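Let's have the full structure, built from the sequences with the hints guiding it.
2 protein chains.
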Amino acid sequence: MDDKFMLMIPGPTPVPERVLLAQAKHLIGHRSGEFSQIMAEVTENLKWLHQTQNDVLLLTASGTGAMEAGIINVLSAGDRVLAGNNGKFGERWVKVCEAFGIQVEAIEAEWGKPLDPEAFRAALEADTAKTIKAVIVTHSETSTGVLNDLQTIARHVKAHGEALMIVDAVTSLGACSVPVDEWGLDVVASGSQKGYMIPPGLGFVAMSDRAWAAYEKSTLPKFYFDLGPYRKNAAKNTTPFTPPVSLFYALQVALQMMKAEGLETIFARHERLKRATRAAMKALNLPLSAADEFASPAVTAVMPQGVDAEKIRSTLRKQFDIAMAGGQDHLKGKIFRMGHLGFVSDRDVLTAIAALEATLAQLGAEGVTPGAGLAAAQAALRA
Amino acid sequence: MDDKFMLMIPGPTPVPERVLLAQAKHLIGHRSGEFSQIMAEVTENLKWLHQTQNDVLLLTASGTGAMEAGIINVLSAGDRVLAGNNGKFGERWVKVCEAFGIQVEAIEAEWGKPLDPEAFRAALEADTAKTIKAVIVTHSETSTGVLNDLQTIARHVKAHGEALMIVDAVTSLGACSVPVDEWGLDVVASGSQKGYMIPPGLGFVAMSDRAWAAYEKSTLPKFYFDLGPYRKNAAKNTTPFTPPVSLFYALQVALQMMKAEGLETIFARHERLKRATRAAMKALNLPLSAADEFASPAVTAVMPQGVDAEKIRSTLRKQFDIAMAGGQDHLKGKIFRMGHLGFVSDRDVLTAIAALEATLAQLGAEGVTPGAGLAAAQAALRA
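Protein chains in written order, with our numbering: chain C, 1 to 383; chain B, 384 to 766.
You may find that some hints are simply not true.
Lysine-lysine pairs mimicking PhoX-like chemistry, simulated, CA-CA at most 20 angstroms apart [as the list claims (entries may be wrong)]:
hint, chain 1, residue 1, chain 2, residue 2
1, B, Lys-665, B, Lys-496
2, B, Lys-513, B, Lys-600
3, B, Lys-478, C, Lys-88
4, C, Lys-25, B, Lys-513
5, C, Lys-232, B, Lys-478
6, B, Lys-387, C, Lys-25
7, C, Lys-236, B, Lys-715
8, B, Lys-615, C, Lys-95
9, B, Lys-615, B, Lys-600
10, C, Lys-130, C, Lys-217
11, C, Lys-332, B, Lys-619
12, C, Lys-232, B, Lys-471
13, C, Lys-4, B, Lys-408
14, C, Lys-236, C, Lys-47
Covered by chain C, according to a simulated footprint, are these stretches of chain B (three or more residues, beta-carbon under 8 angstroms) [said to hold, decoys possible]:
hint, segment
15, 399-411
16, 621-630
Far from chain C by the CB rule (all over 12 angstroms, computed), these chain B residues [unchecked claim]:
hint, residue
17, Met-389
18, Gln-434
19, Thr-447
20, Gly-448
21, Lys-496
22, Ala-506
23, Thr-514
24, Gly-567
25, Asp-592
26, Glu-599
27, Lys-717
28, Leu-733
Since the hints were made in silico from the structure, they are not lab data.
Only a predicted model underlies this, so the values are computations on that prediction, with no experimental measurement involved.
By construction, the Cβ of each residue, glycine as well, lies at the ideal position given by its N, Cα and C atoms.
Laid out in structure tokens, this is it:
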């Protein structure tokens with residue numbers, strides 16, 4: 001049906017009505033006092049969300065742009081870095097490093113498996129000459145629904161003493177705790193269309209004091225993504241280049257909603273939705289890509305057997321007006337991914353599971369007991 | 384008064400109601416058929432606006448990001464380029480070149496004066512070894528309201544035979560004719576918050592076949608701004624990274640409105656608003672920054688004598704709820720700039736002039752006859 005669409009993909013995520021409408025306000029000049037007030041408020045609230053006292057800068061860019069900015073502002077060509085690669089996004093940061101002549105060593109795991117913190121520890125401990133300048137890790141790997149053990153890896157990075165911890169927190173920030181200062185994360189990149197509950201178009205980069213010290217030594221060429229001027233302007237509640245004003249309106253409202261809900265409640269909600277989703281999939285005999293211990297609170301990747309993943313997605317879309325994501329690269333056609341990130345409620349998960357059950361029955365999937373998924377999800381929501 | 388704000392700055396420009404509301408629609412996935420349909424439509428209409436058969440690519444970035452992308456995709460470190468510099472933005476492109484190790488020679492003119500095409504001709508003709516790889520020109524210099532003679536400069540670049548013509552058309556595209564193919568412009572950058580009548584956050588880069596040939600030789604490091612993947616994805620009506628979906632909704636509607644108005648009507652409207660604005664300023668004895676022959680159709684910079692420019696702006700803002708822009712850098716406090724770009728009507732110009740007259744009288748400006756500016760503007764609108 002027209003206008004009945006329901007987004008259950010890992011981004012863009014659903015946007016609350018008041019956030020949608022905030023974007024429809026007439027624009028103001030970005031060099032005005034009114035804009036500076038918004039900038040001051042969102043910057044303060046971004047620090048709250050990141051659990052940091054340090055800078056959180058706003059860029060007109062996607063999450064990839066924010067991550068690239070984080071990398072090229074603290075590194076130089078020829079620098080040696082370790083990069084975790086267990087999915088589409090981990091792979092992307094390896095490519096960014098290669099594009100900028102950074103000497104990158106990938107620490108790999110199979111797609112669907114978590115990165116092994118021990119592999120990082122071993123490589124960092126072996127580096128007695130302290131040549132490793134940074135470690136890059138994707139916290140929540142959106143392509144497979146794996147949550148990497150960032151806290152442990154960050155601890156090994158800290159023990160190394162020299163390397164910076166650079167984090168892709170695009171689908172973890174706002175879904176689970178990413179205590180930037182407590183874990184000693186130096187560069188943390190994210191994007192607006194995920195846990196922030198606003199449309200895409202804004203990127204965020206948190207920078208620690210150690211990251212700024214590295215910035216001073218970085219020789220990679222940059223202008224639009226040179227974070228120095230962003231920091232200098234942010235101190236005056238302004239931006240070096242024209243910011244996306246309507247997305248700032250949206251961000252202002254979304255962060256107010258997040259503050260009203262509270263960090264702990266937000267994280268508990270995502271944990272609950274993840275458990276309910278996974279319980280339902282198991283009850284429907286649908287294999288999950290990631291093991292329970294490493295399951296992302298943002299997205300669940302499912303590998304249906306005997307039924308085509310793309311057929312499931314197209315039935316969900318056509319008959320039930322629900323969008324779920326497909327697989328990327330070699331997982332295309334093999335998995336579907338259900339997002340439960342951002343403005344997603346208990347009701348949304350029940351709705352999606354109900355439609356999924358109906359879809360599976362319609363496609364003649366074996367081992368599916370109608371109602372079993374919903375019963376399991378309901379039990380998980382009660383727990 | 385609250386919610387009575389009127390934007391008369393050169394960007395962000397006023398946004399039509401139907402464009403504002405388009406942004407308030409629920410999001411769709413950017414890998415969906417629905418999004419591809421929007422992408423196909425806006426890409427086609429962008430070519431119409433640029434008067435080109437070549438690629439026009441969409442980036443999540445401000446105009447500065449689009450311009451940087453245009454420069455770094457066709458050049459390499461050490462390349463020799465000429466860059467026009469007669470204002471804040473001309474100066475910015477010199478800095479971008481310097482940041483990327485491009486050997487840039489500035490061809491300068493005083494702020495408020497146009498670039499001299501003869502200076503470009505002489506430098507290009509002297510380059511018999513054909514070492515000049517590109518010429519960079521800001522078409523409409525937003526900081527001073529000067530429209531540079533791009534057509535003539537582009538002709539000299541064409542006569543050189545090797546150099547590419549790279550253009551900042553941020554405040555000219557959609558205000559006056561920028562016939563990309565006819566003038567042989569190789570790289571043309573623009574931003575959404577100007578003639579496009581939508582909020583900031585989208586950048587555009589048009590690329591000619593010659594630009595793509597140069598792209599193949601460019602060795603500057605890039606990933607997020609690497610235009611190759613944008614072109615490849617655009618051919619399939621998609622984007623390499625998550626696009627700002629709500630701004631695509633806005634762009635779709637704004638381009639439909641522009642097509643309905645028609646290019647010639649849009650350009651004639653901007654020409655009329657420019658003439659009316661300038662006639663009014665002259666009738667109020669307010670000196671103009673740019674001479675008539677080189678006046679931008681987007682913005683008029685005014686240098687009031689005996690009355691403080693910032694006082695004029697603050698009275699306009701506080702009493703009449705009208706925003707005009709101030710001067711940048713050494714022109715700060717010396718000029719104010721009235722935008723008449725994008726979704727601006729004859730009525731808007733009369734309104735702004737009426738408020739400006741009242742403001743000048745209130746501030747005790749000399750040589751101001753109340754009604755004189757309006758009479759002159761009305762006459763110009765009739766002409």
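Each hint tested on the structure:
Between the alpha carbons of B/Lys-665 and B/Lys-496 the distance comes to roughly 18 angstroms, so the proposed pair stays at or under 20 angstroms and holds. For the hint linking B/Lys-513 to B/Lys-600, the alpha-carbon distance of about 16 angstroms falls within 20 angstroms, and the restraint holds. Taking the CA atoms of B/Lys-478 and C/Lys-88, the gap is near 35 angstroms; set against the 20 angstroms cutoff, the hint is violated. This hinted pair does not check out: C/Lys-25 and B/Lys-513 have alpha carbons roughly 51 angstroms apart, beyond 20 angstroms.
For the given pair, C/Lys-232 sits about 17 angstroms from B/Lys-478 by alpha-carbon distance, which is consistent with the 20 angstroms threshold. At roughly 12 angstroms between alpha-carbon atoms, B/Lys-387 and C/Lys-25 fall within 20 angstroms of each other, so this suggested pair holds. The suggested pairing of C/Lys-236 with B/Lys-715 holds, with an alpha-carbon distance near 17 angstroms, which does not exceed 20 angstroms. A hinted pair counts as satisfied when its Cα atoms are at most 20 angstroms apart, and B/Lys-615 with C/Lys-95 qualifies at roughly 17 angstroms.
Under the criterion of a C-alpha separation no larger than 20 angstroms, the hint pairing B/Lys-615 with B/Lys-600 is consistent with the structure, at around 18 angstroms. For the hint linking C/Lys-130 to C/Lys-217, the alpha-carbon distance of about 16 angstroms falls within 20 angstroms, and the restraint holds. A distance of roughly 17 angstroms separates the Cα atoms of C/Lys-332 and B/Lys-619; the hinted pair therefore holds under the 20 angstroms criterion. The straight-line distance between the Cα atoms of C/Lys-232 and B/Lys-471 is roughly 19 angstroms, inside the 20 angstroms bound, and the hint therefore holds.
For the proposed pair C/Lys-4 and B/Lys-408, the alpha carbon gap of about 12 angstroms is at most 20 angstroms, so the pair holds. Distance hint between C/Lys-236 and C/Lys-47 is fulfilled; the C-alpha atoms sit about 16 angstroms from each other, no more than 20 angstroms. Coverage of the segment 399-411 of chain B by chain C holds. Counting CB-CB distances below 8 angstroms, 8 residues qualify, and the rule asks for three or more. Coverage of the segment 621-630 of chain B by chain C holds [criterion: at least 3 residues with CB-CB distance below 8 angstroms; count 7].
For B/Met-389, the condition that its CB be more than 12 angstroms from all CB atoms of chain C is violated, with the nearest at approximately 9 angstroms. Even its closest Cβ contact with chain C, about 25 angstroms, leaves B/Gln-434 beyond 12 angstroms, as expected for a residue assigned away from the interface. Distance check for B/Thr-447 against chain C: the nearest CB is about 4 angstroms away, which does not clear 12 angstroms, and the non-interface claim fails. For B/Gly-448, the condition that its CB be more than 12 angstroms from all CB atoms of chain C is violated, with the nearest at approximately 4 angstroms.
Residue-level check passed: B/Lys-496 sits 25 angstroms from the nearest beta carbon of chain C, beyond 12 angstroms. Interface exclusion of B/Ala-506 from chain C stands, the closest Cβ pair being 24 angstroms apart, more than 12 angstroms. The claim that B/Thr-514 lies off the interface holds: its Cβ sits roughly 21 angstroms from the closest Cβ of chain C, which is beyond the 12 angstroms cut-off. Taking the minimum C-beta to C-beta distance to chain C, about 26 angstroms, the non-interface status of B/Gly-567 holds against the 12 angstroms cut.
For B/Asp-592, the condition that its CB be more than 12 angstroms from all CB atoms of chain C holds, with the nearest at approximately 24 angstroms. The non-interface label for B/Glu-599 is consistent with chain C: the shortest C-beta to C-beta separation is roughly 16 angstroms, beyond 12 angstroms. Annotated as non-interface, B/Lys-717 keeps its C-beta farther than 12 angstroms from every C-beta of chain C; the closest such distance is 16 angstroms. Every CB of chain C is more than 12 angstroms from the CB of B/Leu-733 (nearest about 20 angstroms), matching its label as outside the interface.
The structure shown violates the earlier hints numbered 3, 4, 17, 19, 20.
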